[in-house]
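Chains as they are written, first to last, in my numbering: chain D, 1 to 449; chain U, 1001 to 1164.
Keep in mind that the hints were calculated from the coordinates and are not lab data.
Backbone N, C-alpha and C fix where the C-beta goes; we use that ideal spot for every residue, glycine too.
The reader is advised that the hints may include incorrect statements.
What the hints assert, rightly or not - The following label-pair restraints were derived from C-beta to C-beta distances: (1) D:P13 x U:P1063: 29 to 37 Å; (2) D:K267 x U:G1046: 37 to 45 Å; (3) D:G389 x U:E1044: 52 to 60 Å; (4) U:S1013 x D:K267: 48 to 56 Å; (5) U:E1044 x D:A51: 31 to 39 Å; (6) D:G328 x U:S1013: 28 to 36 Å; (7) U:A1054 x D:K267: 53 to 61 Å.
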Amino acid sequence: MTLTSIGPANRTPRTAETHPLTWRLRDDAEPVWLDEYQQKNGYAAARKALAEMSPADIVATVKDSGLKGRGGAGFSTGIKWGLMPADESINIRYLLCNADEMEPNTWKDRLLMEQLPHQLIEGMLISARALKAYRGYIFLRGEYVDAARNLNRAIAEAKAAGLLGKNILGSGFDFELFVHTGAGRYICGEETALINSLEGRRANPRSKPPFPAAVGVWGKPTCVNNVETLSNVPAIVGNGVDWYKSLARPGSEDMGTKLMGFSGKVKNPGLWELPFGITARELFEDYAGGMRDGYRLKCWQPGGAGTGFLLPEHLDAQMYAGGIGKVGTRMGTGLALAVDDSINMVSLLRNMEEFFARESCGWCTPCRDGLPWSVKLLRALERGEGQPGDLETLEQLVNFLGPGKTFCAHAPGAVEPLGSALKYFRQEFEAGVRGTPNETRPGVAASQV
Amino acid sequence: MNSIIQTDRFVLSETERSAIEHEMHHYEDPRAASIEALKIVQKERGWVPDGAIAAIAGILGIPASDVEGVATFYSQIFRVPVGRHVIRVCDSMTCYIGGHEDVLGAIRQKLGITPGQTTRDGRFTLLPVCCLGNCDKAPALMIDDDTFGNLTPEGIDQLLEAYP
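Full structure from sequences and hints, please.
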């Protein structure tokens, strides 16, 4: 795990004012345990929230800060919190942390949980107070064994110090927190599938409405937030809305900082905390160092498998939801991927749709049947055995599996990169139709499948 | 003819039973411990035998078909015996770009199995896995609980030797 970079990240010291999520990280990448976390001003925001702020004050602060969900969808956290029922007699409420990080090319929550577990716990404590939740669960993917160990140790430390449990810091507020580890399946990251999984059921998404804020885990009001979202809460409460809103670059409609990254065949693949609104070019050139020698940037994805491909000319887009939206896709998780000129897009999309098809929960027909169909077509095109009409069929699938036509966002995410690849690299797909000369198919990878 | 599902001789160990009962207290409803219960059995035995399904259902007070439904849904619950070591190869597009298929090819050639299979000597099971979150060190894989990155086909022999 690296936060170092070739560019300005090494020249800009991380401070509490500029890098609220990562300034406490140790240079040796060891976890920051309770003593050190408190020496670095840790739990000060929780003390302030519990002693001086009402739950409504905390919700209003987070809403005013402009904090948006960091799991990929980018919905306003304050508005989501505001959906919890106002009825005080409903006193069983839950806060769930979505730590089921499985989106291909996403490794930001892992860093936060492994190295700064107390920051997440403090964020959950303040958020639970705001939501009047008496119990929280961190839904963690099973493969993150180090994160599970570190979170469990940190929770034990916090309990022993009176920062979790009964009457926290003498405030009268009770909150208990558990780590729940999953057993695989990407779909568990969908928030209603996550709720089903936590209840010990198959992780099929639920019909909305009712939304989890009304009917969530065990039928009770529930709020599900991403690890990075919750990790932002202490600094917002501690330093205030004005400070938080000053972090992003001019032009950005999103507030604060974001863990952003670049991977693929770049000189310096990594992860950095950066202000919203920096350009993708800064991220790519100044932080990731551009492409490795001998490779040229062919296209890039701004934030995970479910976001569309963009061309090198789009690198001047600003990294925030609206900035990436302007060039035709979503920012997603903000961890970008460089695709180099040695990669054939048909083979790459075949790899991606194999993943999405395998991870479909099978609940709704377009996703269950459409995704394997796309894989079949892509495999044929990859072998040069595609039929005339296959590209049109793929385009139909992009349409029929798109937003609003499936039970959840899994299939729309799966076809977004496919649609953009067909748009920008159509000739590579056309070259896979039987009878097209092989010499027009540069970089076709030999499939191992 | 032998019954395919042999449940009559299966007994959960005391360790398994108490671990499952402990987990139940973390949730409002015993059913929620079903995935953890399956993982507890799998940790002890390497996989989840048929008899464990009924035994877990008995402790949690839910139908065995529900436990089986959960056991067959989640990719990291094994309903057939697996090798002493489970290799999970990340097949994200990031690892694909990093040379995942060459690494997977080297493992397949070395072990003579395809994803989903177990070596004849019972040493390794090979499985695909969702992105391991090791994208700055692609391609990546896990063997048991250990994660490795920056893999090359040439390094596979030495890597596997550490898991007898």
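Tested hints:
With their beta carbons about 59 Å apart, P13 (chain D) and P1063 (chain U) fall outside the hinted range of 29 to 37 Å. At roughly 42 Å, the beta carbons of K267 (chain D) and G1046 (chain U) sit within the given window of 37 to 45 Å. Checking the proposed 52 to 60 Å range against G389 (chain D) and E1044 (chain U) shows it holds: the Cβ atoms sit about 53 Å from each other. Roughly 53 Å separates the CB atoms of S1013 (chain U) and K267 (chain D), a value that falls within the hinted 48 to 56 Å.
Separation of E1044 (chain U) from A51 (chain D) is about 47 Å and departs from the stated range, judged on CB atoms against 31 to 39 Å. At roughly 57 Å, the beta-carbon separation of G328 (chain D) and S1013 (chain U) lies outside the given 28 to 36 Å, and the hint is violated. Range check, A1054 (chain U) to K267 (chain D): about 56 Å between beta-carbon atoms, so the 53 to 61 Å window is met.
Violation of the numbered hints given earlier is confined to hints 1, 5, 6; the remaining hints are satisfied by the structure.
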